[in-house]
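A.B. asks: Residue numbers (the numbering used here), protein chains in the order written: chain A, 1 to 459; chain B, 1 to 381.
Hints listed in this document are in silico derivations from the structure and should not be mistaken for laboratory results.
Do not take every clue at face value.
Unchecked claim - List of simulated lysine to aspartate or glutamate pairs, EDC-like, C-alpha gap at most 20 Å:
{"hint": "1", "chain 1": "B", "residue 1": "K207", "chain 2": "B", "residue 2": "D63"}
{"hint": "2", "chain 1": "B", "residue 1": "K252", "chain 2": "B", "residue 2": "D221"}
{"hint": "3", "chain 1": "B", "residue 1": "K368", "chain 2": "A", "residue 2": "D117"}
{"hint": "4", "chain 1": "A", "residue 1": "K144", "chain 2": "A", "residue 2": "D316"}
{"hint": "5", "chain 1": "B", "residue 1": "K157", "chain 2": "A", "residue 2": "D230"}
{"hint": "6", "chain 1": "A", "residue 1": "K260", "chain 2": "A", "residue 2": "E386"}
{"hint": "7", "chain 1": "A", "residue 1": "K145", "chain 2": "A", "residue 2": "E2"}
{"hint": "8", "chain 1": "B", "residue 1": "K49", "chain 2": "B", "residue 2": "D221"}
{"hint": "9", "chain 1": "B", "residue 1": "K86", "chain 2": "A", "residue 2": "D230"}
Unchecked claim - If you want the footprint, here are the derived chain A segments under chain B, 3+ residues with CB under 8 Å:
{"hint": "10", "segment": "259-269"}
{"hint": "11", "segment": "408-422"}
The beta-carbon is built from N, C-alpha and C at its ideal position, and this holds for glycine as well.
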Amino acid sequence: MELGYLIGTIVKMVALVAWIYGLFWGLGRKRIWQKAATLVLAFAVIQAVIWTKIGNFALFSAFDQGLLFQAITMTMVVLGLNLIYGFNGQFSLAQWGFYGIGAYCAADITYRWTNGDPSGLIVVGLGVILGAAALGGVAKLLKKKRGIPVLSAFTFYLFALVAVGVLSVWLGSLISPLFVPLFGTPDAPGALASPIALQAAFFLSVLFAGAFAAEVSFLFGLPVLSLGSDYFGIATLGFAIVVKTLLVNSDTILPFKEMKGGRGMLGIPKLTNWAWAFIFLVLVLVIIRNFVRSSTGRATLAVREDEIAARAMGIDVAGNKLLSFVVGSFVAGIGGAIYAHYMGFLAPASFDFIAGFNPLIIVVFGGLGSMTGSIVASFGWIFFLEGFLRILLGQFGTDAPSWRFVLYPITLLLLMLVRPQGLLGTIEWGFFKADVLRKRLTGALGGLSRGTKAEKAGE
Amino acid sequence: MPASTVTTKAEAVSRTRGSKGRRGPPLAWVGWAFLILLAVMTVAYVAGKAWSNPVLFLQNLLDGLKLGFVYALIALGYTMVYGIVKLINFAHGDIFMVGAFTSFYAVSRFSLHEWPLAVFPGIDPGLSIVIGSLTVVLLSMAVCVILGVTIERVAYKPLRDAPRIAALITAIGVSFFLEFFGALPFVFSGRFIPYKAPFPTVAWYIKDGIHPIVSGVASPDNTISFSNIFLFIAAASILVQILLQFIVKRTKIGIAMRASSYDKPTARLMGINVDRIISFTFAIGSAFAGLGGVLYAIAYSSIWTQLGILPGLKAFVAAVLGGIGSIPGAFVGALIMGQAEAMTMSYISTPMRDAVAFTILIIVLLVKPTGLFGEPAQEKA
Numbered sequence: 001m002e003l004g005y006l007i008g009t010i011v012k013m014v015a016l017v018a019w020i021y022g023l024f025w026g027l028g029r030k031r032i033w034q035k036a037a038t039l040v041l042a043f044a045v046i047q048a049v050i051w052t053k054i055g056n057f058a059l060f061s062a063f064d065q066g067l068l069f070q071a072i073t074m075t076m077v078v079l080g081l082n083l084i085y086g087f088n089g090q091f092s093l094a095q096w097g098f099y100g101i102g103a104y105c106a107a108d109i110t111y112r113w114t115n116g117d118p119s120g121l122i123v124v125g126l127g128v129i130l131g132a133a134a135l136g137g138v139a140k141l142l143k144k145k146r147g148i149p150v151l152s153a154f155t156f157y158l159f160a161l162v163a164v165g166v167l168s169v170w171l172g173s174l175i176s177p178l179f180v181p182l183f184g185t186p187d188a189p190g191a192l193a194s195p196i197a198l199q200a201a202f203f204l205s206v207l208f209a210g211a212f213a214a215e216v217s218f219l220f221g222l223p224v225l226s227l228g229s230d231y232f233g234i235a236t237l238g239f240a241i242v243v244k245t246l247l248v249n250s251d252t253i254l255p256f257k258e259m260k261g262g263r264g265m266l267g268i269p270k271l272t273n274w275a276w277a278f279i280f281l282v283l284v285l286v287i288i289r290n291f292v293r294s295s296t297g298r299a300t301l302a303v304r305e306d307e308i309a310a311r312a313m314g315i316d317v318a319g320n321k322l323l324s325f326v327v328g329s330f331v332a333g334i335g336g337a338i339y340a341h342y343m344g345f346l347a348p349a350s351f352d353f354i355a356g357f358n359p360l361i362i363v364v365f366g367g368l369g370s371m372t373g374s375i376v377a378s379f380g381w382i383f384f385l386e387g388f389l390r391i392l393l394g395q396f397g398t399d400a401p402s403w404r405f406v407l408y409p410i411t412l413l414l415l416m417l418v419r420p421q422g423l424l425g426t427i428e429w430g431f432f433k434a435d436v437l438r439k440r441l442t443g444a445l446g447g448l449s450r451g452t453k454a455e456k457a458g459e
Numbered sequence: 001m002p003a004s005t006v007t008t009k010a011e012a013v014s015r016t017r018g019s020k021g022r023r024g025p026p027l028a029w030v031g032w033a034f035l036i037l038l039a040v041m042t043v044a045y046v047a048g049k050a051w052s053n054p055v056l057f058l059q060n061l062l063d064g065l066k067l068g069f070v071y072a073l074i075a076l077g078y079t080m081v082y083g084i085v086k087l088i089n090f091a092h093g094d095i096f097m098v099g100a101f102t103s104f105y106a107v108s109r110f111s112l113h114e115w116p117l118a119v120f121p122g123i124d125p126g127l128s129i130v131i132g133s134l135t136v137v138l139l140s141m142a143v144c145v146i147l148g149v150t151i152e153r154v155a156y157k158p159l160r161d162a163p164r165i166a167a168l169i170t171a172i173g174v175s176f177f178l179e180f181f182g183a184l185p186f187v188f189s190g191r192f193i194p195y196k197a198p199f200p201t202v203a204w205y206i207k208d209g210i211h212p213i214v215s216g217v218a219s220p221d222n223t224i225s226f227s228n229i230f231l232f233i234a235a236a237s238i239l240v241q242i243l244l245q246f247i248v249k250r251t252k253i254g255i256a257m258r259a260s261s262y263d264k265p266t267a268r269l270m271g272i273n274v275d276r277i278i279s280f281t282f283a284i285g286s287a288f289a290g291l292g293g294v295l296y297a298i299a300y301s302s303i304w305t306q307l308g309i310l311p312g313l314k315a316f317v318a319a320v321l322g323g324i325g326s327i328p329g330a331f332v333g334a335l336i337m338g339q340a341e342a343m344t345m346s347y348i349s350t351p352m353r354d355a356v357a358f359t360i361l362i363i364v365l366l367v368k369p370t371g372l373f374g375e376p377a378q379e380k381a
């Protein structure tokens, strides 16, 4: 049975990589209906596989589905980190902290919602929206003061966000009692207790969790990104440690009794299904790809290559670093939210900074600056390490799984020594190829350039 | 480096305005006011607590010193290695852990601390403990030296010309390897292990003079207590400090170390074998980390394989605080970190001590990126 399982896992891994290739190939087509058809088809294939059950044998067991959702959340975290580290060159270890923030934030919203309390959604929603407005306002004010020191700017942003936080908690405590009657009683459930309302709350909670993580990352990144690369790494490591410490003490230091501190948060509704996971995966893919392939993304690459040259070209280096850091954290927050609603249980131990090295290792494996590499490496990592190797090493006694953590540093060392650009280097597939844009550009300008060439030839 | 570019940007702005009269960057006072407010509040808070219970405050001061002296031992290795190869040696904290485990095996499994008594039965038991404990410490230091130099040769040396991030990731990999390899059941096991000190602990309390604490007899309330472990840690840390100052300032190899940290190609032209100097630096740093590991394990009497991560990181923060590359800076930074941590643990809450440590790091890097004693980075022509 185990042998069959192992072979099956390998087949599934290969099939998933093929699926990813097909998805990217299809998304890379020119016409919009081709892209739409690809999305529908890609969604339907996995959904069909999940539904397929032949007698007692499930083609894609619950364990495999768990791996799939883990792989998708890991993809989001890793893509965000690749944006920060691979494309912008900022060595960040805080990604796992933002993942944890997103997970707990979204979990708290839906947990309260299922218990007939809309305050989580309202407070976080208000805080996120007002916070974004406040940040934008402060940024607009500070734009007039050129050359303002980072510390002063940080002070302004900090006070603005603290004020917004207090305001939104106060407003939330005023507004949310108005919505409580809509939940009805257990005997007569109201409008907001319906499954559709819950799904909507879930959708909003995921977006708000991402936005919340993004705003935290803005506040943290503003002072820290101005440090040197090594120092930035250490400071972000410190951030990850602090986040974990706060999560462990979420019921004592932080005022969230329902998070139950180090004992772990139970009773989160398990709302993540393949449809939601796929929607958010595609959303993240599109966000990251469009960011990287935009002019801002090219500026991001320029900052990575040479900050001084980038500044000479008129790129706002500090702002660019901050932007990619915030976008990366937003994506990580979304990943955390998906993870929380798949597990139904959150423990601070899973947001330990040691686990936070996993995304880093995956990014390096997949190739710095290769989005395809990140995605394939995330899927491969989860299915190989969590699935295949765990079962395989489990055959050799109970202690063997701990060998995984011995093997991967060695692999990492060898990779760094032998192939520092990662397994896939900078290879991109279909949708992620820069060629798609270039082709479209040359398609538009093609006649012109060919014409001039012909004219030159004629002369 | 972004840290310097921020200041240059500010300087550039001030320079453009300089023609109409010197003005600094706009609104700089806001940040300073915020920091000063923060500092005044902290000092006022601690002073208030100290005023209401001075004995507790002094006890915290002593605990902070103990922690700070241990951090100083680790921070030396960080600061020296960073000074020469510009690499955050993440594995340094794990070398510290290996030092603690070596001494644990030497003491608990092989009773190495009793060897003089076993070899020369007639020897004075007190002398036997002294010699035996020193042997254990030296053995741990030797193991750490071998480990440190091996790591340098195997993992870091091939990457010397690679981007710094590659070396940093390698360092993280080495650190992980040591932790999780150590956690395997046949190596150290992943459990917390009670640690038996090689010498008996003697403690004293201070109230109208110094009195020994006798076990079974409660010492009076409101007293400051300390033990011989604290004295050993303080003595070892200060001795190491002096020794290192001597090595770096007076000996030929110390001069070579400084030359290599200043400019490697030129040092090579002067006939210095830079690779050997780097190995030597790793060896010294690892030796002191091993010493620190033994003392830390004795002081806190429980060890496990991830023991070294947080002390290692905090020691690095201490090195940055003092000015990385500067040896007295690392010492002073470590003492400050120890105090900050002890005061946080006592007056705010124990879990927040890590947060305070990293907040200090961020503030120091923003306000004075070179640290307290650091020299400004020289411009490359």
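A.B. asks: Hint by hint, which ones does the structure fall short of?
C.D. replies: 2, 3, 6, 7, 10
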